[in-house]
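As a plain string of letters, each chain reads:
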Amino acid sequence: MTARMEETIIQLPARWTNASVLEDVLRSCPSAHEIPSAIVRFRIPEGCQLMTDAAVRLLSLLNQLDHATRRVVVEFEEDENGVLGYLGRAGFFESLSSTVEVTPKRPVYSAALQYRGRNPRLVEVERIDRNCRDGNLLTRLTDAIARACSRRSDVSELQGAAWTILAELIDNVFSHSQTPLDGFAALQVYRRGNCLKVAVSDSGLGLLETLRPALRKEGSRLGKLPDIDLLVEVFRRGVSRHGASRGCGLKGCADKAIKFRAELDVRLPQVRVLLVPGTGGYTPNTAFCYSGLPLIWGTHICFTLALD
Amino acid sequence: MNAMNEFATLPLRLKTYMAEDDGWGRVAGRETHRRLVDFVEANPGVLVFRISNENVRRIDISFASESIVEVARRYRGKKGFCFIGLTDDDQRENWAAAAQRAGQPIMSWDERGRLTVLGPQASAGNMDAFEFALGRQVAKAAEYAGARKNMSITNASSKFKQLWEQGFLLRRESAAESGGVEYVYMAIK
Numbered sequence: 001m002t003a004r005m006e007e008t009i010i011q012l013p014a015r016w017t018n019a020s021v022l023e024d025v026l027r028s029c030p031s032a033h034e035i036p037s038a039i040v041r042f043r044i045p046e047g048c049q050l051m052t053d054a055a056v057r058l059l060s061l062l063n064q065l066d067h068a069t070r071r072v073v074v075e076f077e078e079d080e081n082g083v084l085g086y087l088g089r090a091g092f093f094e095s096l097s098s099t100v101e102v103t104p105k106r107p108v109y110s111a112a113l114q115y116r117g118r119n120p121r122l123v124e125v126e127r128i129d130r131n132c133r134d135g136n137l138l139t140r141l142t143d144a145i146a147r148a149c150s151r152r153s154d155v156s157e158l159q160g161a162a163w164t165i166l167a168e169l170i171d172n173v174f175s176h177s178q179t180p181l182d183g184f185a186a187l188q189v190y191r192r193g194n195c196l197k198v199a200v201s202d203s204g205l206g207l208l209e210t211l212r213p214a215l216r217k218e219g220s221r222l223g224k225l226p227d228i229d230l231l232v233e234v235f236r237r238g239v240s241r242h243g244a245s246r247g248c249g250l251k252g253c254a255d256k257a258i259k260f261r262a263e264l265d266v267r268l269p270q271v272r273v274l275l276v277p278g279t280g281g282y283t284p285n286t287a288f289c290y291s292g293l294p295l296i297w298g299t300h301i302c303f304t305l306a307l308d
Numbered sequence: 001m002n003a004m005n006e007f008a009t010l011p012l013r014l015k016t017y018m019a020e021d022d023g024w025g026r027v028a029g030r031e032t033h034r035r036l037v038d039f040v041e042a043n044p045g046v047l048v049f050r051i052s053n054e055n056v057r058r059i060d061i062s063f064a065s066e067s068i069v070e071v072a073r074r075y076r077g078k079k080g081f082c083f084i085g086l087t088d089d090d091q092r093e094n095w096a097a098a099a100q101r102a103g104q105p106i107m108s109w110d111e112r113g114r115l116t117v118l119g120p121q122a123s124a125g126n127m128d129a130f131e132f133a134l135g136r137q138v139a140k141a142a143e144y145a146g147a148r149k150n151m152s153i154t155n156a157s158s159k160f161k162q163l164w165e166q167g168f169l170l171r172r173e174s175a176a177e178s179g180g181v182e183y184v185y186m187a188i189k
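Chains as they are written, first to last, in this note's numbering: chain A, 1 to 308; chain B, 1 to 189.
Take these hints with a grain of salt, some might be off.
DEER-style ranges, computed between Cβ atoms [stated by the list, open to error]: (1) B/19 / A/85: 33 to 43 Å; (2) A/308 / B/92: 49 to 59 Å; (3) A/277 / B/57: 40 to 50 Å; (4) B/35 / A/118: 16 to 26 Å; (5) A/216 / B/150: 41 to 51 Å; (6) B/35 / A/222: 25 to 35 Å; (7) A/14 / B/103: 48 to 58 Å.
Not the full set, but computed from the structure, chain A residues with beta-carbon under 8 Å of chain B [stated by the list, open to error]: (8) 103; (9) 104; (10) 107; (11) 138; (12) 161; (13) 168; (14) 171; (15) 174; (16) 238; (17) 252; (18) 255.
Worth flagging that the hints you see were computed from the coordinates, not collected in a lab. Every residue, glycine too, gets a C-beta built ideally from N, C-alpha and C.
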């Protein structure tokens, strides 16, 4: 990262970049939302392969900075044969605010528009518009999961579980958002990595921001927990702003996801936990749990599933 | 109201109260809840609503929580809601997760009349009383006490009352032979 008076540069690495790598980069920089510079420049070098969890999170961050009236520039070192082309195909630029500058230039035509829905290993970045709920989005995502995981003996149960998990996650985008910015969902299969990633991202208040006031009102002891511990409890025990009798959604997601040994990555405005399947339920992988992270508004969840 | 009406049951086709084949999310669940309440209030004589999930493709836990589970909780002790022929494992798991969180048991009967309780289960101490009531059209504390060794009527009555309060049974008042009032308990089916 380099910071001049008026410009901050965030340099991504020339390698496969998942959400953990992206977070490492962001942690090594001052928080882009909080710096005084008017221009934030993201440099994406040749060889940088953005994975879907990182791409969706980055997309939300770019739109947020743009919304906060920063001048945002995304510089690609490669042309459309590299990550620029991949992001075009994945529908990234259709959802990127039109005032974010892209160099050398935005793809002239949208490969995503032309080929959308044709690659069984990809569900392009889909906008989650709170004013117009797309019921088919869930079916597209779960069908893609079922196709990708067809070698698994539990594929039919997995398909049902994936629908519930995504339904809860996307419904959370509607309930927690309170923002003019869209949320996003995307899916990508990585054959060589034997995994599939589904990412859901919004730019709203974040789970804990809506939960903490409710816990304070109830006088719950959970309200005193640090962010990371409270977030783990949301997934392990089920905690809700809707009161003790509700709030089984995310815990229900976790109960289903753990049966399929999925990893859950949860990023809130300044805290992140990576939940991995343990013997008694999900346990936080402390190597990837951080608080005090650079600000990204909203809730960003990714689950990673083995293909067979 | 005569006794016949008090025992009245009515089929409830859940799909009729849903906007889509998939029940997805809190907002849709609340809308279904509102429609279900209208239906229940329009049928004041009905004691048990027998829910069919025919043509309901999928439901998530938030929808389950806000719709049927919330209706069952709202009318707990007064009216009962049970599933008939709920065969989809994924749906059953989601209804159960929502019921468990709400502390509201929901009875689910299969085609052969076998019961699965979705959500919280009757306590070990009350299980025998629950099973006694399940095996009969109606059950009275005196009958249960009479059928068990070392069971006082007070104790039997207390078990039935707990099961009623917790949403496992329904009850109504009946004239006792002695001239007083006694409670008659019945399963939700």
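Going down the list of hints, with the structure as the test:
no., hint, in the structure
1, B/19 / A/85: 33 to 43 Å, "40 Å, holds"
2, A/308 / B/92: 49 to 59 Å, "27 Å, violated"
3, A/277 / B/57: 40 to 50 Å, "28 Å, violated"
4, B/35 / A/118: 16 to 26 Å, "39 Å, violated"
5, A/216 / B/150: 41 to 51 Å, "50 Å, holds"
6, B/35 / A/222: 25 to 35 Å, "34 Å, holds"
7, A/14 / B/103: 48 to 58 Å, "54 Å, holds"
8, 103, "40 Å, violated"
9, 104, "41 Å, violated"
10, 107, "33 Å, violated"
11, 138, "7 Å, holds"
12, 161, "7 Å, holds"
13, 168, "6 Å, holds"
14, 171, "4 Å, holds"
15, 174, "7 Å, holds"
16, 238, "6 Å, holds"
17, 252, "4 Å, holds"
18, 255, "7 Å, holds"
Violation of the numbered hints given earlier is confined to hints 2, 3, 4, 8, 9 and 10; the remaining hints are satisfied by the structure.
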